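S.K.: If you read the protein sequences in the order shown, they are chains A and B. Going by the numbering used here, the first residue of the first sequence is number 1, and it counts up by one from there. Going by the numbering used here, the first residue of the second sequence is number 1, and it counts up by one from there.
By construction, these hints were calculated from the structure, which means they are not laboratory data. Small disclaimer: the values here were computed from a predicted structure and weren't measured. Glycine included, C-beta positions come from ideal geometry on N, C-alpha and C. Some hints could be false.
[Unchecked claim] For each label pair, taking beta carbons as the anchor points, the in silico distance ranges come out as:
| # | chain 1 | residue 1 | chain 2 | residue 2 | range |
| --- | --- | --- | --- | --- | --- |
| 1 | B | Pro323 | A | Tyr395 | 48 to 56 Å |
| 2 | A | Gly531 | B | Ser124 | 35 to 43 Å |
| 3 | B | Ala327 | A | Tyr395 | 42 to 50 Å |
| 4 | A | Gly794 | B | Gln171 | 55 to 63 Å |
| 5 | A | Gly531 | B | Thr169 | 39 to 47 Å |
| 6 | A | Gln721 | B | Thr177 | 26 to 34 Å |
| 7 | B | Glu44 | A | Asp398 | 33 to 41 Å |
| 8 | B | Ser124 | A | Gly655 | 27 to 35 Å |
| 9 | B | Glu26 | A | Val537 | 30 to 38 Å |
| 10 | B | Asp359 | A | Glu549 | 55 to 63 Å |
| 11 | B | Arg338 | A | Glu549 | 54 to 62 Å |
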Amino acid sequence: MNTTSTQKLGNATRSSGFFVGLRLALACLFVLSLSVAAYAQKAVSGKVTDSGDNSALPGVSVSVKGTTTGTVTGADGAYRLNVPSDDATLVFSFVGYVSQEVAVGGRNTIDVRLASDVQALQEVVVVGYGEQKKSDITGAVAQVTSKDFNNGVINNPLQAVQGRVAGLVITTPNGDPNQTTPAIRLRGTSSLAAGSDPLIVIDGVIGAPLNSVAPEDIEKFDVLKDASAAAIYGSRGANGVIIITTKKGKAGRTTVDYNSYVGFESVAKFADVLTPDEFRQRARERNITIQDLGNNTNWFEEITRTAVSHNNSLSIGGGTDKSNYRASITYLNQPGVTLNSGFDRLNARLNVGQKALNDKLDVQLLVSANTSNRKFIQYDAFRSAFRANPTLPVYNEDGTFYQPSGFEIENPVARVSQLTDSRRDNQFLLNGKLFYEVVNGLRVGVNGSFSMYTENGTRFTPSAYTGFGNRLSTGERYSREVQDRLVEATVSYNKTFGGMHRVELLAGYTYQQLSNEGAFVRNRDFPDVFGADNLNVGEFNTDGTFLGEVRSNRSEARLDGLLGRVSYYYADKYLITANFRRDGSSRFGANNRYGFFPSVSVGWVISQEEFMKGVSFISNLKLRAGYGVTGNQEGIADYAPRQLYGPRGFFFSNGGYRRAYDFIQNANPDLQWETSAMTNVGIDFGFLQGRLNGSIEFYNKDTRDLLFNYGIAIGATYGSQNLTAVTPNILANVGQVNNRGVELAFDYLVIDKGDFQWRTNLNLAHNRNRVVSLSNDEFTFPADGIRYGGFGTGQGGLQPPAWLQEGYPIGQFQGAQFIGFDDQGRFQYRNAQGQIVNDASQAQLVPIGDAQPRLTLGWGNSIIFKAFDLSFFFRGSLGQKVANGPDIVFGNPTLFPNNNVLRSAFTDYRQITQSPQFSSFYVQDASFIRMDNFSLGYKLPFKSGGLVRSARVYVSGQNLFVITPYNGIDPELQAGAARDVYGTINNEQLGQNLAPGVNGISFYPRTRTFVVGVNFSF
Amino acid sequence: MLKKIKITGIAVGFLLLTTLNSCNLESTVFDSAPSDQFPRTEAELLSTVSSAYTNLGGYYGSPFEINGPSSDEIVVPTRGPDWDDQGSWRSLETHTWTPDRPGQTNGAWEFGFTGIVNANLGISRINASTLEIDGKDRIVAELRVLRAFYYYVLCDLFGNVPIITEQSTGQNPAQNTRTEVYNFIVSELRAAIPLLRAGSGTAEYGRMTKGVAFTLLAKTLLNSQIFTGTARWAEVIPACDSVINSGAYALNPDFMSNFAVGNRNNPNARRENIMVVPYDGVRQGGNIFHMRTLHYAQQAQFQLASSPWNGFCTIAEFYNSFPDGDARKAMWLVGPQRINGRVITYNDAVTGETAVPLDFRPTIAALERATQRDGVRSQKVEIQQGNNRTDQDNHMPIFRYADVLLMKAEALFRLGRSTEALPLVNSVRDRAGLPALTSLTADELLAERGREFAWENLRRNDLIRFDRFANGTWQFKPVTPRFRELFPIPTQQLARNPSLRQNTGY
């Protein structure tokens, strides 16, 4: 059909790629052909050891200062070197250690002890396409290193830093172990239909999947919060950037680390429903006949358990000053607290680095692979557990499941036991980097990566499952593959002039190609014994052919960008950094395919000024200011700007059905980037000789040209190409969202007395989110807004509580204002005319609170006393509101006895005589402070120099308690949809993004976890 | 050393070459067909002009859900928490709907305009194509009839809607008066008719034929007084005669088999069902009458794939308008419902009673708090026992031959020619097993239409023509202002197209 044109396109593609590649290759050859050489006499020898444990340090570079003469220590730490004269000075340098210079002074033997350089490691910040010294940073950047990670059963990297960074809100909405990609929001939600998650960069791989790295393999997180920092990622930086750096092997002694823990996870809190006896008693009190089969069933307990998870991680690493390697393998098995839910994952990773050609060439190879098995349960099971009559049995006498009937009523144990839903994910990531130092300070680099993610899913409902009248077996299989190819070339040049002027220059080119494809098959009505493994045995056409449903999809996107950064530092006092990036994306129309994303930021290190030299209590004081523009194209469909034909049902002709095709979307060739402009002003400070450090940030972020599906009249002519609207919606750039806020972070070493140390850190963030506009000349947003969100029930009477409207934040609730009950137990509201009405649908709808927190905070403490270490961490969120679905539905006594209800239905809410209605009555303060993390460890005494270098045993706990005025099960809810592996956003996710803070009645409970673990280092 | 560097350089260059296989930003479209590459053959072209047909599936969606409950044939009582839907259904019963609610008014608007735009695109594609296609003119004529049908639906529901054709330009389509829309429908049909096929055989069934176009023309002319203020009763008669005299159509002796599961293969049903929505559980979803009307517990009774929703039923007055002996009364499910001879029991969420026998009773206690068994249900569209899909396979008529007979009878009656009208009415009564009438009144004619076309999307239109819609009363429905004879233009549409003016009264 369209093969010829595809081929043509392919040829054109290849030839243009060839020429670009050729140009780059020639450029590389040119710079590589520049080369250097040199000479050396008098022998000096000695041994280099670690100042900490006196162990020998192999691979230490020993060189004569001012020459190119040098050598490397051997396996025993010994070296031998010819020096030109007794005046020579030897330089001992080694990765991770403080370099030492020693004058030869006529000696023939020089032994050196090198001190490990913890400080140096901390003070380098990864800023994208390079690193900067922390003192040089002019943007808003936060760093969390592994020593500050959260403890416990951590099944995804971000859980390790949840609550640790001011302004970074990571929400794991429940205890489902399959929630391995939490919703992440940095400085508020700034997008409606496009993605709102920050860009994840793992070891330089842009958009790398979070689950490709085991939490144990992570060295540190660098969070680029403001646009002046994120602008180097241009079109992909609008939601901020989280850069993850994995652990690398350290030169010197080979280390083997083994970490293991066992976790015990249980439901933190059940819904407070009537017990069987209370159920009977309430019926007697009300003179109601109930169906009492004489059983005492706690349906919540029937579908849950204490889940025992375990995690084992083994790594080996080492190297010399020329090479380093680290290999690790981690297996996590995390069953869920709900029966038949669970997750396990095997991660393997290899990081190898090698220097060559006089250390001018640096090659790094990073390979990671993982495979996970997931078992999902349907959250509806908890709705069924809510509703089910507690006097009913779980099983019939013959051992089959007892099945009650009624609206949304079934046996939840049957649901979680009989239905299966599982998936296997495989992830493979290959990343190679090559840097060459052409002349001193000038480096060229190439970075290439290939990532492949596949999933294979199976869902099966047996005919034996009879809930909701089911009588058919249904099986589904689906598979998916996401590929991501990235290639980048960079040139950087760093130079110091005249001692005072430092310049860092960077230029680069990046190209990325992403693709997503999948297939789906479903069939029904076959013997249960086949499961979902032989779907063609099911329903068939009269001619015997397969009748099941079949679907497949495939799409791709391409991105390219030119990037640059210029930094200039004068006397370490006056700092300026400018980024620019020009990006193109195939997701946009030909007219608006490229965007330009500049930024500039300045810093003034006040503490370096002469007049501050006398102020001894201030160790660091820096003022920063930056402005930048970033873009967003995540989450939108690959082919949104194109006019495409797709299937549009079947028509009946000549006694049979034929496929009809037509336009499937309103193509928008004018589509372009969503852009965010952010201003950031920050102060870094350090007092008391650096024991108290902190920063304050103020920011204002305006996101314009919001990508969103706006309404359009079918039949209207639109856009620059005069197309006709075929559906009532079009993806277009219209609105504006503003986020502004303040962030504070403090880190205080309270006590530092040899074997007793107490460090505390606190972060506070306030963000104000507001939808500024959603209309322009062409598109008019509905005057009374659009509603989103549901309570997870098909029951009538519950309007969607969340409301998208100009002038209000995302997550605004709108509904009837409750003013009290009348003497007949009816809800009272006012209608637009001010009259009292009893039906929320007749009432005037008003804004009734929003789900945006006023303040988010994290407070961490770590105490080391001799061999003991103790840490605890509180995380909080204050001022947000929640629409309490369980109270609306199960706090309503009229549902009794067809449904079990909350105890409160007969206490606080006993007067209610109407069916459930949503109103301000159910919008509740959901502020909370949670003791999120606690850990107590003990370092076992081992002799230094032995086989075991260190050993630690610990116990830790997660979600130990929560302080909240909210009377629902848990105040912390989904704060938005998590990013799909391809970034796609479907309607359900859009609803989650635009309706945070809705507590549905179908859910998975939050858990409390206790962990016992060991860390061994050999 | 230099050699090494060279080798490295070549390696770097090679790496760049192999990885940078493309710097082209033009992504390849894989799972859809870009409009510059499709359609290319005659078969492909024909497949791109047919979505105006597939759109018919929505006729018994939103339009049905506002037509039915706003008239006396259907009531959707709120049953405890169920069917509250923020009062949408109650607003239809009591004629208090607004431009915002129920959402089905917007659904009906979009149903109409989607069909219109699909027809326009199809006409443009055929006109623009250089491919040789058999019957090009006929295909365009079919699309014009389909477009006229969608305009008929919009004219009936909303009145003043914009006329958009394949030649329209301009950002927002300008509004037309109801008379202009009426004139457009009539002129389009008259222009298309000569180019269409006649007959009701396999080749024609399901397509726009002369018979369909004349029936739609008769329907439009019959409503001329309502649509334009000028009655055109006399013009209805020749339009009906063109159908009657074509010999392609006849009354099906078995009334209920017109709606039976296998009706697509029943020659009698195909001769009566002039225009159909070719519903199919797999290929043309939307036949969900059983889901709307049956009680949850009847899933087991009929071995359905999904649990029904227990909503739509009728009021006692309407049910009682069917005399005993009327074959059409078989459409109602009334009394105790049984599985294997045992009466089904259920727990009533409204009354709190347990183990209540499922006994459908004509009386509906209250609109706001009906019990789960209140109201007689419909099985006119035969319930497909043991269906593995939620959607059913019965084709559903839009226009039937019985309507042609009764339209002609009505026109004759309005012109004072009752004697000529009577045999037509009696032929329909006779098929239902009812005795012949000897005289005709407007009320009898309306009631006959009610029994004949109950739940077929025609009742509201009939009530308006007999001035019983706003002016009439029935349970839960007082006399309401005449502006209620049109639905309001939905709020969403007013926002999207600022050139639209709201209908009077809203």
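S.K.: Which of the stated hints cannot be reconciled with the structure, identified by number in ascending sequence?
M.R.: The structure breaks hints 2, 4, 5, 7, 9, 10, 11; every other hint is satisfied.
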